[in-house]
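Colleague: Fit chain B to the supplied structure of chain A, relying on the hints for placement.
The listed protein sequences correspond, in order, to chains A and B.
Counting from 109, one number per residue, gives the positions in the first sequence under the numbering used here.
Counting from 14, one number per residue, gives the positions in the second sequence under the numbering used here.
Just so you know, the hints here were simulated from the structure itself, not pulled from any lab data.
One should not assume that every hint holds.
[Unchecked claim] Simulated crosslink set (DMTMM-like; lysine to aspartate or glutamate; CA at most 25 Å straight-line):
1) K229(B) <-> E443(B)
2) K354(A) <-> E281(B)
3) K354(A) <-> D224(B)
4) K354(A) <-> D211(B)
5) K229(B) <-> E380(A)
6) K229(B) <-> D379(A)
7) K354(B) <-> D198(A)
8) K229(B) <-> D119(A)
9) K354(A) <-> D275(B)
10) K154(B) <-> D392(B)
11) K354(A) <-> E250(B)
12) K354(B) <-> E57(B)
13) K154(B) <-> D109(B)
14) K229(B) <-> D296(B)
15) K354(B) <-> D147(B)
16) K354(B) <-> D158(A)
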Amino acid sequence: MGEQLPLVADDPWSVLRCHTTARIGLGRTGASQPTRHHLAFQLDQARARDAVLTPLDVTRLQAELTALGQPAVLLRSAAAERRTYLQRPDLGRRLGSESAARLASLAADGEPADVALIIADGLSAPAVQMHAVPLLQALLPQLPAAWRLAPLCLVEQGRVAISDEIGAVLRARLAVILIGERPGLSSPDSLGVYLTYGPRIGNTDAGRNCLSNIRAAGLSYAAAAHKLHYLIGQALARQLSGVALKDEAPEMVEVGRQEGTRTGCFLLGADEQPSG
Amino acid sequence: MPAYAYTLAGQHWQFGDLKTLLARATPLRSGDCLAGVAAHSAEERVAAQLALAELPLTTFLNDCVVPYESDEVSRLIIDSHDAAAFAAVSHLTVGDFRDWLLSDAADSATLAALAPGLTPEMAAAVAKLMRLQDLVLVARKCHVTTAFRSTIGLPGRLSTRLQPNDPTDAPAGIAASLLDGLLYGCGDAVIGINPASDSVPAVCDLLQMLDRIIAKYAIPTQACVLTHITTTLAAIERGLPVDLVFQSIAGTEQANRSFGIDLALLAEGRQAALSLGRGTVGDNVMYFETGQGSALSAGAHHGLDQQTCEARAYAVARHFQPLLVNSVVGFIGPEYLYNGKQIIRAGLEDHFCGKLLGLPMGCDICYTNHAEADQDDLDALLTLLGAAGCNFIMGVPGGDDIMLNYQSTSFHDALYVRRLLGLRPAPEFEAWLQRIGIGDSGMLPAAFAAVLPGSR
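Isolated chain A, as found in the complex (with noise of 0.2 Å):
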């Protein structure tokens, strides 16, 4: 059955699907979408549906940290599950009391600190099951020694500006975290990172730098780990970040990846190519 011809054929240029994972060529019935592509459709609709309300897995995660030499303070948000923090981000912003009163007692130990690396499920627990280890694993090595870094954050049901109050109770200067972005159809496992320099509650936006769409079709650890390693030190040394820092960093040429040999517009003659 699955081996007849279909009755509407792609388009001519579907061979263009080489160079995108995007819905192209997919040949119309009058001027709708044809059967097959409709359905595949809802199925990846239905998969990404089925992401956002996944758990994240927190003991594995635990151990995995652990064995990368960077076990994690455990963290709940004040969203207490899953539905209360798809309809409330004012709570998923804030620490739940009991954690935040650990985190307090664990600040009031500590010195203060440069970088507060944080890892929260976000919307996509998926996302940070898969990458979050991987990405820290090619990011540390980076870092000078000279940076001190506060203890490892994990928080379930947070959102990006929980990192404002981890951030501000452990006295860093930079709070950096990793978080799963909004799953989309062709990506239900994309990892995110948002820089904000000095975290406080109340922080906007405006004062964040982000990194998205970390996940194997999209950007690799090692130039996430690149950028992030250029917009933490010039955030640290120019004491902001947000719009006013601009991600400048020297592209990174990577061995063995396809941006190697990434190829230009095909629209436009070799020559006719943007300059860079």
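Modeller: For chain B alone, coordinates are given in the frame of chain A:
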């Protein structure tokens, strides 16, 4: 100062101030519940609507929902109000205004002349008394036409933003989606990329690439890289070809500040783009995006409901004579618009308010995977907005944006609504499609056959 109250069958409903009355009168949505400003019961909501219906429109000129002294958006609204244009409806209450808008007295020319006399709060208020069919019918009478290299918003036309985003800004990936969109007849409003990174060199590369594609194939459209206005200004300073200046905007000074902008910066961006003189059939150079909930998201809503905040963003947009204003209605998530029902109503409210205020409104009809919505909801809003005369919608390959991780309207969806309602692309673009040989058949024109892999 009028009393904001209403008595219903012996029960006295009291609303502390104007913004409370507006908030309580707003049809239910999660963002107003989150902000703690929503009506506490269905009856309180209708009591507020009854009170609102009796309120003279002039109230909104005398009672600022965000203080004039502390908010530059309030100052812009009051200082730019056109009293002569307002005279046509200045004697009406909000309830009478609804009746008047729906009447045959309010034709397209009358509504266009009225627009500068209306404040966002007046538009928001009357929208709260309207059903979906009212929002559709009145918006359809409002014609707002803008132009750069194509003319957008003519009656009987529906344009599309071609959105060829790529998760790593890879030129070939962008080109593949871009060509796919063109071959489906999309891209007459703008070819607009959301870049994966805000890096200045990357944005410059994309600007250069889009400029060269548009020039090489003589496409009567405009390009935009949707990055922060300061990045676009940096690109203009470096001599890059910028057609449109993009920026997300909101309805309070504090919310705009959270986006890293103010009115002066927007004016600077517009002047910089105008100085390049790149438009051929018009000089509308700004592209704004908005969306209910953005002010609350920044903690900058001043106790206002999110629909009123959104309408105030249109006062900001109006000041800069934009080519395109786009309410990204379902992008923000379920904490602001919980489900398909709330998204659909918000999309029609935004389109109505924007058009009534004289803006070239389009809509990113969309939803995220953490909202209670699906393709059926998208279809419903698409069809309603098509009927309402929406200027433009998005065109995303297969409806799946692989960079922004959300679902919007596809190239097929644009063909669907054009076919259903007999709508056509912008005239300049339509002529180009015919010239180059792009039609409904799905054939590949000679001009593009040569660029496929293996053909050269």
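Colleague: Now, for every hint given, state plainly whether the structure supports it.
Modeller: Evaluation of the provided hints:
no. : hint                : in the structure
1   : K229(B) <-> E443(B) : 18 Å, holds
2   : K354(A) <-> E281(B) : 19 Å, holds
3   : K354(A) <-> D224(B) : 23 Å, holds
4   : K354(A) <-> D211(B) : 7 Å, holds
5   : K229(B) <-> E380(A) : 10 Å, holds
6   : K229(B) <-> D379(A) : 13 Å, holds
7   : K354(B) <-> D198(A) : 23 Å, holds
8   : K229(B) <-> D119(A) : 23 Å, holds
9   : K354(A) <-> D275(B) : 19 Å, holds
10  : K154(B) <-> D392(B) : 22 Å, holds
11  : K354(A) <-> E250(B) : 15 Å, holds
12  : K354(B) <-> E57(B)  : 21 Å, holds
13  : K154(B) <-> D109(B) : 18 Å, holds
14  : K229(B) <-> D296(B) : 22 Å, holds
15  : K354(B) <-> D147(B) : 16 Å, holds
16  : K354(B) <-> D158(A) : 21 Å, holds
Of the hints listed earlier, there is not a single one the structure fails to meet.
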